[in-house]
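Let's have the full structure, built from the sequences with the hints guiding it.
The lines below spell out each chain.
Protein chains: 2
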Amino acid sequence: MGRRPVPEETKQTLLNHFWEIYCRKPIEKMTVREITDAAGFNRGTFYVYFTDVYDALQAIEDSILPGEEQFEEMIKDHHKGLDRHQSLKEFMEFYEQHGDKLQVLLGPNGDPMFVSRIKARVRRLLIPHSSELHKLNERDRMKFEYLVEAEISSRLGIFTLWFSRGKDLPLEDLHQLVYDMEQKGSHQVGQEMLHRNGSE
Amino acid sequence: MGRRPVPEETKQTLLNHFWEIYCRKPIEKMTVREITDAAGFNRGTFYVYFTDVYDALQAIEDSILPGEEQFEEMIKDHHKGLDRHQSLKEFMEFYEQHGDKLQVLLGPNGDPMFVSRIKARVRRLLIPHSSELHKLNERDRMKFEYLVEAEISSRLGIFTLWFSRGKDLPLEDLHQLVYDMEQKGSHQVGQEMLHRNGSE
DNA sequence: CTTTATCCAACAACGTGTTGTATACTGGTC
DNA sequence: GACCAGTATACAACACGTTGTTGGATAAAG
Numbered sequence: 194m195g196r197r198p199v200p201e202e203t204k205q206t207l208l209n210h211f212w213e214i215y216c217r218k219p220i221e222k223m224t225v226r227e228i229t230d231a232a233g234f235n236r237g238t239f240y241v242y243f244t245d246v247y248d249a250l251q252a253i254e255d256s257i258l259p260g261e262e263q264f265e266e267m268i269k270d271h272h273k274g275l276d277r278h279q280s281l282k283e284f285m286e287f288y289e290q291h292g293d294k295l296q297v298l299l300g301p302n303g304d305p306m307f308v309s310r311i312k313a314r315v316r317r318l319l320i321p322h323s324s325e326l327h328k329l330n331e332r333d334r335m336k337f338e339y340l341v342e343a344e345i346s347s348r349l350g351i352f353t354l355w356f357s358r359g360k361d362l363p364l365e366d367l368h369q370l371v372y373d374m375e376q377k378g379s380h381q382v383g384q385e386m387l388h389r390n391g392s393e
Numbered sequence: 194m195g196r197r198p199v200p201e202e203t204k205q206t207l208l209n210h211f212w213e214i215y216c217r218k219p220i221e222k223m224t225v226r227e228i229t230d231a232a233g234f235n236r237g238t239f240y241v242y243f244t245d246v247y248d249a250l251q252a253i254e255d256s257i258l259p260g261e262e263q264f265e266e267m268i269k270d271h272h273k274g275l276d277r278h279q280s281l282k283e284f285m286e287f288y289e290q291h292g293d294k295l296q297v298l299l300g301p302n303g304d305p306m307f308v309s310r311i312k313a314r315v316r317r318l319l320i321p322h323s324s325e326l327h328k329l330n331e332r333d334r335m336k337f338e339y340l341v342e343a344e345i346s347s348r349l350g351i352f353t354l355w356f357s358r359g360k361d362l363p364l365e366d367l368h369q370l371v372y373d374m375e376q377k378g379s380h381q382v383g384q385e386m387l388h389r390n391g392s393e
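Sequence lines, in order, name chains Z and G. Take 194 as the starting number for the first sequence in this note's numbering and just add one per residue. Take 194 as the starting number for the second sequence in this note's numbering and just add one per residue.
Calculated from the structure, these hints are not laboratory results. Predicted, not measured: the structure shown is a model, and the values here were computed from it. A portion of the hints provided could be inaccurate.
No copy is singled out in the list; a pair is fine if it fits within one copy or between any two copies.
Stated by the list, open to error - Capping the alpha-carbon separation at 16 Å, the derived lysine to aspartate or glutamate pairs in EDC-like fashion look like this: (1) Lys312 with Glu254; (2) Lys204 with Asp248; (3) Lys360 with Glu289; (4) Lys360 with Asp333; (5) Lys222 with Asp245; (6) Lys282 with Glu266; (7) Lys222 with Glu385; (8) Lys360 with Glu331; (9) Lys360 with Glu286; (10) Lys294 with Asp255; (11) Lys360 with Glu338.
Structure, rendered in structure tokens:
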């Protein structure tokens, strides 16, 4: 009775229960036994698939981070200046798709390593793709990287907050807000909000 | 011989060595023995001052996070729209002052809890201080919080990157960049950079 | 009947947090 | 100056839990 266990299923089951616990408590308080007990496996089985609790975390992170190709595709229009609406929408779709995971990984009990991996990835892919970038002098190219950093940071920050607040705003509104902000600056957007309300 | 140990000194010495190690390796790989050995104290002594390695980290974070009053002072002109140059400068001074610590705490081996504490702090202080904010309707007030989140995120992101790159840009340039970005939007700033270079 | 995936038990090594006792220096008191 | 109480640390030993590993048993699949 009980059909033969399939390795991939077992691994996934372990990951699922790992994640369920990871959502509730900081990783350093987790134990391998806790995971395997919950998953209904022997403790030793965990070590068949992972070397470590951190290894399990890595596995989950890897499953989220899109492959190089997919990522490249997703990002390439971003700074051609062609269609920034489209670029932003793709970013949002990515975030929506993995929202449950991202919320935790980028949150207070998340993994800073993951954040830095994402950022580095975006930087590395975004910078060389800007075809007009070679025109820039040394210093401006550096500044450009800081611009990119700012954009990623604020996007991630906003979305993480949005998720942690249970999506208290329609996606369209958030989209428009981020778009305006990148186009006109946060200060400007704030001012407009005040004036619009003041004249009503 | 060897004068009497002063508690505050001992605690500080422990913290110093904790930090020195924390900079080199993730906290979950640290041991109490490692710290006390380095500091030249008995392992038991650590537990006189801290309950935990994480407690020690907390202590360091607390020493960085400015007190409510100081923080309030630092932030209050921020959104009166009066002098945003000044507000930004104060932020930068804060970052410069604790740069060595912040770089690590906000970096890949940092503490996400700390990040979220900073953000929450800024939000909590910035929002109620905007005297014109009561004019806003429900939805716009929410949007405003997202604006603040974006601003904090990008500032923190930029400065962390700046530090991790060994301050590869003059402080003034960074200041101007962030200022422009918040005033005109990252997209706009990027465009200007390209055009300025193209016409030379 | 062989392969494969898991179970089970036991292991040494190590880190934890706690406790009781000892030492040494300090400051104050007579 | 000698004595004493208080304090900061040292030291040693403890029970406990977790780790990562191993060797052999079990059961289902082909």
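Against which earlier hints does the structure fall short, listed by number upward? 7
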